[in-house]
Amino acid sequence: MSQWNNFSKGFFKENAVFTLLLGMCPTLGVTSSAIDGLGMGLATTFVLVMSNLVVALIKNLIPDKVRIPAFIVVIATFVTIVEMTMQAYVPALFDSLGLFIPLIVVNCLVLGRAEAYASKNNIGSSIIDGLGMGLGFAMALTILGAIRELLGSGKIFGTVIFPEDYGMLVFVLAPGAFIALGYLIAFINQVKKEA
Amino acid sequence: MAKTESTLKNMVLTLLVITCVAGASLGFMYELTKGPIEAAKAAKQKAAITEVVPDFNNNPGEEVYELTSKEGFILKFFPAKKDGELVGIAIETMTNKGFSGDIKIMLGIKPDGSIINYQVLEHKETPGLGTKMADWFKTDKGNQSIIAKHPKTNKLLVSKDGGEVDAITAATISSRAFLDAVRVAYETYTENQSNPTVTSNTSVEEGGTE
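For the protein sequence lines, the chains are D and H, in the order given. Positions 49 to 243 (our numbering) are the ones given, in order, by the first sequence. Positions 1451 to 1660 (our numbering) are the ones given, in order, by the second sequence.
Read the hints as simulated data drawn from the structure, not as lab findings. These figures come from a predicted structure and were not determined experimentally. Note that CB positions come from ideal geometry on N, CA and C, so glycine has one too.
List time: in silico EDC-like cross-link candidates among lysine to aspartate or glutamate, alpha-carbon distance up to 20 Å:
| id | chain 1 | residue 1 | chain 2 | residue 2 |
| --- | --- | --- | --- | --- |
| 1 | H | Lys1531 | H | Asp1562 |
| 2 | D | Lys203 | H | Asp1585 |
| 3 | H | Lys1526 | H | Glu1512 |
| 4 | H | Lys1560 | H | Glu1501 |
| 5 | H | Lys1494 | H | Glu1512 |
| 6 | H | Lys1496 | H | Glu1572 |
| 7 | H | Lys1588 | D | Glu212 |
| 8 | H | Lys1453 | D | Glu163 |
| 9 | D | Lys113 | D | Glu163 |
| 10 | H | Lys1599 | H | Asp1611 |
| 11 | H | Lys1491 | D | Asp143 |
| 12 | H | Lys1484 | D | Glu131 |
| 13 | H | Lys1526 | H | Glu1516 |
| 14 | D | Lys113 | H | Glu1455 |
| 15 | H | Lys1453 | D | Asp112 |
| 16 | H | Lys1599 | H | Glu1614 |
| 17 | H | Lys1491 | D | Glu131 |
| 18 | H | Lys1591 | D | Asp213 |
| 19 | H | Lys1496 | D | Asp143 |
| 20 | H | Lys1574 | D | Asp143 |
| 21 | H | Lys1494 | D | Glu131 |
| 22 | H | Lys1588 | D | Asp213 |
| 23 | H | Lys1547 | H | Asp1616 |
| 24 | H | Lys1591 | D | Glu212 |
| 25 | D | Lys168 | H | Glu1455 |
| 26 | H | Lys1520 | H | Asp1552 |
| 27 | H | Lys1547 | H | Glu1521 |
| 28 | H | Lys1554 | D | Asp143 |
| 29 | H | Lys1605 | H | Asp1590 |
| 30 | H | Lys1602 | H | Asp1562 |
| 31 | H | Lys1491 | H | Glu1481 |
| 32 | H | Lys1459 | D | Asp112 |
| 33 | D | Lys61 | D | Glu242 |
| 34 | H | Lys1520 | H | Glu1641 |
| 35 | H | Lys1484 | D | Asp143 |
| 36 | H | Lys1588 | H | Asp1630 |
| 37 | H | Lys1494 | D | Asp143 |
Which chain H residues face chain D? A few, computed with CB under 8 Å, are given here:
| id | residue |
| --- | --- |
| 38 | Lys1453 |
| 39 | Glu1455 |
| 40 | Met1461 |
Next up, chain D with everything else stripped away, as it sits in the complex (with noise of 0.2 Å):
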């Protein structure tokens, strides 16, 4: 397989959130907002990108019986410096975002990624498949948060396209999530189909 084609499975072939359907639980808590998806997204990618890393480097080091603790480890420790940057750098991100940063450790794409494609594979196909995994999960949780900020409150990455008045209310709810998604998937469904 290319690296295109290694790096682009990621956005629809195998897109996390639309065809994997791994990741749910950030995917349904934290869209929405389209700010909050993407902020979301990114600090994914970046753990993504650099467990994978870690993971190919070190995979012949780790005996195979402790190699899921291993893992987790590794993704832990980038988690937690993703948070403690965004709690530096940008801390209202940080705010709306809050319990769900430290819970990308369980994550099942990020560890998948690491059990399934980074520790068979050498570092650089490695982290081309974090990234394209990470920016296809990212796009798929802003495209989600995006649906949700329009037909909920009116506005999309915060600018208000019609009045938060007419907005309906339940797709900004946790119900919102499940509805938009589904039909997010049904659609991209039709499409794969007809493709």
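Place chain H on chain D using the hints.
Relative to the frame of chain D, chain H by itself:
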């Protein structure tokens, strides 16, 4: 490079090395971000204080004092002074009566107790409903604003409870909680005034009697 065998010694050693490296890098990052995190927190606090009290030229963050309310909450009082004269007090108050979890607000009052402004610091209320409290109680529309009211002469309860403040549409519990945090702040403030021994070195004027 050959794959390391899964012997007990190898497994223990590998995990030990990985956790040590992880711990060391986290310690390094912590040292690196400690300053900026504290600066960000202080900036946020300063911004909240500036928002709720009139022009001041002292450093309220340095003259802060803490008082415990009847409910056992620890409130922070930031006296704002202009040329040594007390112009307002920013009170970091809270309540546990929110729809989901605690609500923290920064309430600015004049030395006589009337409300200048407020800012919501922290809450977990429902997006689109309870979250409206950030602007609702300072918007001059109907009876929803609490700005320039006095907790002693104005009955700061939602109209459903016989008060004179309009609750947020479909978020009465959040509105009640918000006004409860205001009440906590005011009560703690006035109690402290009738018992001047607790007061710090500030020369606080007598409570409002208009």
